[in-house]
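2 protein chains.
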Amino acid sequence: MKKNNYKNLKISEKYIINKLLIKLNFNKKETFNFKNDGAFLKIPKNKQIVVTNDTINESVDFFTTDSADSVANKIICYNLSDISSMGAEPYAYTLSLSLPINIKISWLKKFIKKLYFLQKKHNFFLLGGDLSHSDKIIISSNFFGFVKKGKIIKRTGSNVNDDIWVTGNLGESSIGLAIRKNKIQMNYKDKIYFIKKFLYPQPCMIGKKIFNIATSAIDISDGFYGDLENLVNENKFGAIIQSNTIPFSNKIKKLIDNKHINFDYLLSSGDDYELIFTAHPSKTSIINKISKINNVKITKVGRIIENKGLFMDGKILKKIKKSFQHFL
Amino acid sequence: MKKNNYKNLKISEKYIINKLLIKLNFNKKETFNFKNDGAFLKIPKNKQIVVTNDTINESVDFFTTDSADSVANKIICYNLSDISSMGAEPYAYTLSLSLPINIKISWLKKFIKKLYFLQKKHNFFLLGGDLSHSDKIIISSNFFGFVKKGKIIKRTGSNVNDDIWVTGNLGESSIGLAIRKNKIQMNYKDKIYFIKKFLYPQPCMIGKKIFNIATSAIDISDGFYGDLENLVNENKFGAIIQSNTIPFSNKIKKLIDNKHINFDYLLSSGDDYELIFTAHPSKTSIINKISKINNVKITKVGRIIENKGLFMDGKILKKIKKSFQHFL
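So the protein sequences, as listed, match chains W and A.
Just so we're aligned, residue 46 is where the first sequence starts under my numbering, counting upward by one.
Just so we're aligned, residue 46 is where the second sequence starts under my numbering, counting upward by one.
There's no promise every hint is true.
Claimed, not checked - Here are the simulated EDC-like cross-link-like pairs (lysine to aspartate or glutamate), alpha carbons at most 20 Å apart as the crow flies:
#, chain 1, residue 1, chain 2, residue 2
1, W, K181, A, E279
2, W, K199, A, E75
3, W, K194, A, E75
4, A, K345, A, D358
5, A, K64, W, E279
6, W, K193, A, E75
7, A, K59, W, E279
8, A, K254, A, D208
9, A, K87, W, E75
10, A, K298, A, D208
11, A, K181, W, D180
12, W, K59, A, E279
13, A, K228, A, D302
14, A, K298, A, D309
15, W, K196, W, E75
16, W, K73, A, E279
17, W, K90, A, E75
18, A, K194, W, E75
19, W, K196, A, E75
20, W, K74, A, E279
21, W, K59, W, D111
22, A, K193, W, E75
23, A, K149, A, D180
24, W, K64, A, E279
25, A, K92, W, E75
26, A, K90, W, D180
27, A, K149, A, D111
28, A, K196, W, D180
Derived from the structure by calculation, the hints contain no laboratory data.
These numbers come from a predicted model, not from an experiment.
This is chain W alone, in the form it adopts within the complex (with noise of 0.2 Å):
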């Protein structure tokens, strides 16, 4: 904060920190009630912290014209997604926030609001951050979690003959960002229910449940194919996948079967926020117990091979988006 001049900022820079941020520190001593240079960090004995770090830019990882609460959401999703991915559970996150100095006071106002309903809802808090000026919104973070000692879920666990699941339903928001650039069409209700997935993306927070039970795990963030191909790709083995289990909404399985839309955009675009994760075959039962119990669809999709590649229903796939370089 201290080493930005933001003297022209139409909303002073002591407002934004004392007024709308402060609340968002839930009153933690870690923050120094964000007076101090830093803060600090209290890590609970035989919990291990991971740190992940997400930016988004206006123009890039969001449309100017959306509104606040939704940039709130994918920053927070993003982060909790590889957080919730590495088998830890939320604690607290720092905020870089870049503004054009004509940002509107409503717009931090529900930007704050949908950070405080998240941290309420995940249980994590604001560390401190820092504020600064540019032409166009960026928002940075580094989010912080918990995972018993030892315990971090990584790419490279998984083995042969290992069941390969995924959580939730893919290519909802997909859909909601082809009905943004006007690629397809449909009825009203339709389209808000997409466009809602695409704009308010939830992370699938079943991490924490299974660090004893999976052998690998990624967030979905490029698309099913690209980052099954990612988690295999560590390992140099391969996967195969049964089509007809790649878990979709009834909505999704609708436009499926009309040709609206075509199988594989939906496997290797959109930022489904789910998590793939390994596991032996044994612990089938005790993951349909966790799906139950926490009431969140895990469906088993495919199983690890040693033949490098990707596969589906034994033939292997083309269309597979090329894969991202991961950084963190």
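Since the structure of chain W is already known, use the hints to place chain A on it.
Using the frame of chain W, we list chain A on its own:
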């Protein structure tokens, strides 16, 4: 990383991570070799972890024409300075890089070379981060440091009659900025000297040596007056300063003597990245010893008083730059 579709970038994300950034992780286990959704922190027994956050933006915190190694120097210096002011030693950091799509590979190489140099110098490594694209360069970083348990130097620890100490020489960087803005003229050699001070600020890393001695500390990023005010305000105290004790280099003394520069300008602007700290008067000799052993200039410049406000040579200071509100 994986959240930001970086396909428009002229240099591939894969290349940036796997060929350029990878060397910055120093092969540390905590980074999962940049292949995971996150990283983890390893905290030595009896240590506590502190977190800082700083963001620097092109056209705000640095000029578009500034060299890449100056930009690298700034983001690291700003954060290390915060780490030091809390009495901590650096451990690791995350880096969120928002880059224009036409960023040059030579820029990135120079930027990363400087990061590598500073990591080696101050003994810390890159945990991971996030790549995205934006119109201008925006760099956000979270730093992690270790401090002995319960020994974080806080803003609020000072007492009336504590001595006020400052490290290094003040005002050097502010002259560099004035030169860059064509607000001051001088000979070529001195110009180069001060511009270098502005472009390549050096954090004062003495924090980890004084955590047991300092009752409060702050780093100077908004000028001496503003940050001293921030420090004493936290305790609702005041400070009295002797103007003839303020540490300046001979070059600056000459500028003051020749009335080329205003004394108050030197103390109310500029990114000094020196530390102001307070200590009980009984600590004078040990502080002088620490200064000598570590070859760091540390000067007693005043003391904490009960009267609110900043006083110099008995008179209340008028020209105090409005201080900034902290966030972290």
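Hints and how they fare:
1. For the proposed pair W:K181 and A:E279, the alpha carbon gap of about 34 Å is over 20 Å, so the pair is violated.
2. In summary, the hint linking W:K199 to A:E75 is supported, as the alpha carbons are separated by about 12 Å, within the 20 Å threshold.
3. With a C-alpha separation of about 13 Å, the suggested pair W:K194 and A:E75 falls inside the 20 Å cut-off, and the hint holds.
4. As the CA atoms of A:K345 and A:D358 are separated by approximately 14 Å, the hinted pair is consistent with the 20 Å bound.
5. Taking the CA atoms of A:K64 and W:E279, the gap is near 18 Å; set against the 20 Å cutoff, the hint holds.
6. Pair hint W:K193 plus A:E75 holds up; C-alpha atoms about 15 Å apart against a cutoff of 20 Å.
7. For the given pair, A:K59 sits about 15 Å from W:E279 by alpha-carbon distance, which is consistent with the 20 Å threshold.
8. For the given pair, A:K254 sits about 17 Å from A:D208 by alpha-carbon distance, which is consistent with the 20 Å threshold.
9. In summary, the hint linking A:K87 to W:E75 is supported, as the alpha carbons are separated by about 18 Å, within the 20 Å threshold.
10. Under the criterion of a C-alpha separation no larger than 20 Å, the hint pairing A:K298 with A:D208 is inconsistent with the structure, at around 24 Å.
11. Using a Cα cut-off of 20 Å, the hinted pair A:K181 and W:D180 holds, with the two alpha carbons roughly 8 Å apart.
12. Among the hinted pairs, W:K59 with A:E279 is consistent with the structure: their alpha-carbon atoms are about 15 Å apart, no more than 20 Å.
13. A threshold of 20 Å between alpha carbons decides the hint, and for A:K228 with A:D302 the separation of about 18 Å falls inside it, so the pair holds.
14. A threshold of 20 Å between alpha carbons decides the hint, and for A:K298 with A:D309 the separation of about 13 Å falls inside it, so the pair holds.
15. The suggested pairing of W:K196 with W:E75 is violated, with an alpha-carbon distance near 25 Å, which exceeds 20 Å.
16. Restraint check for W:K73 and A:E279: the C-alpha separation of about 18 Å stays at or below 20 Å, so the hint holds.
17. For the proposed pair W:K90 and A:E75, the alpha carbon gap of about 19 Å is at most 20 Å, so the pair holds.
18. Under the criterion of a C-alpha separation no larger than 20 Å, the hint pairing A:K194 with W:E75 is consistent with the structure, at around 13 Å.
19. At roughly 13 Å between alpha-carbon atoms, W:K196 and A:E75 fall within 20 Å of each other, so this suggested pair holds.
20. Between the alpha carbons of W:K74 and A:E279 the distance comes to roughly 16 Å, so the proposed pair stays at or under 20 Å and holds.
21. For the suggested pair W:K59 and W:D111, the alpha carbons sit about 26 Å apart, so the restraint of at most 20 Å is broken.
22. For the proposed pair A:K193 and W:E75, the alpha carbon gap of about 15 Å is at most 20 Å, so the pair holds.
23. Between the alpha carbons of A:K149 and A:D180 the distance comes to roughly 14 Å, so the proposed pair stays at or under 20 Å and holds.
24. With a C-alpha separation of about 18 Å, the suggested pairing of W:K64 with A:E279 holds against the 20 Å cut-off.
25. Annotation: proposed proximity of A:K92 to W:E75 holds, straight-line Cα distance about 15 Å (limit 20 Å).
26. This hinted pair does not check out: A:K90 and W:D180 have alpha carbons roughly 44 Å apart, beyond 20 Å.
27. Only pairs whose Cα atoms come within 20 Å are accepted, and A:K149 paired with A:D111 is accepted, the gap being roughly 14 Å.
28. The hinted pair formed by A:K196 and W:D180 fails the criterion: a straight-line CA distance of about 40 Å is larger than 20 Å.
Of the hints listed earlier, those the structure fails to meet are numbers 1, 10, 15, 21, 26 and 28, in rising order.
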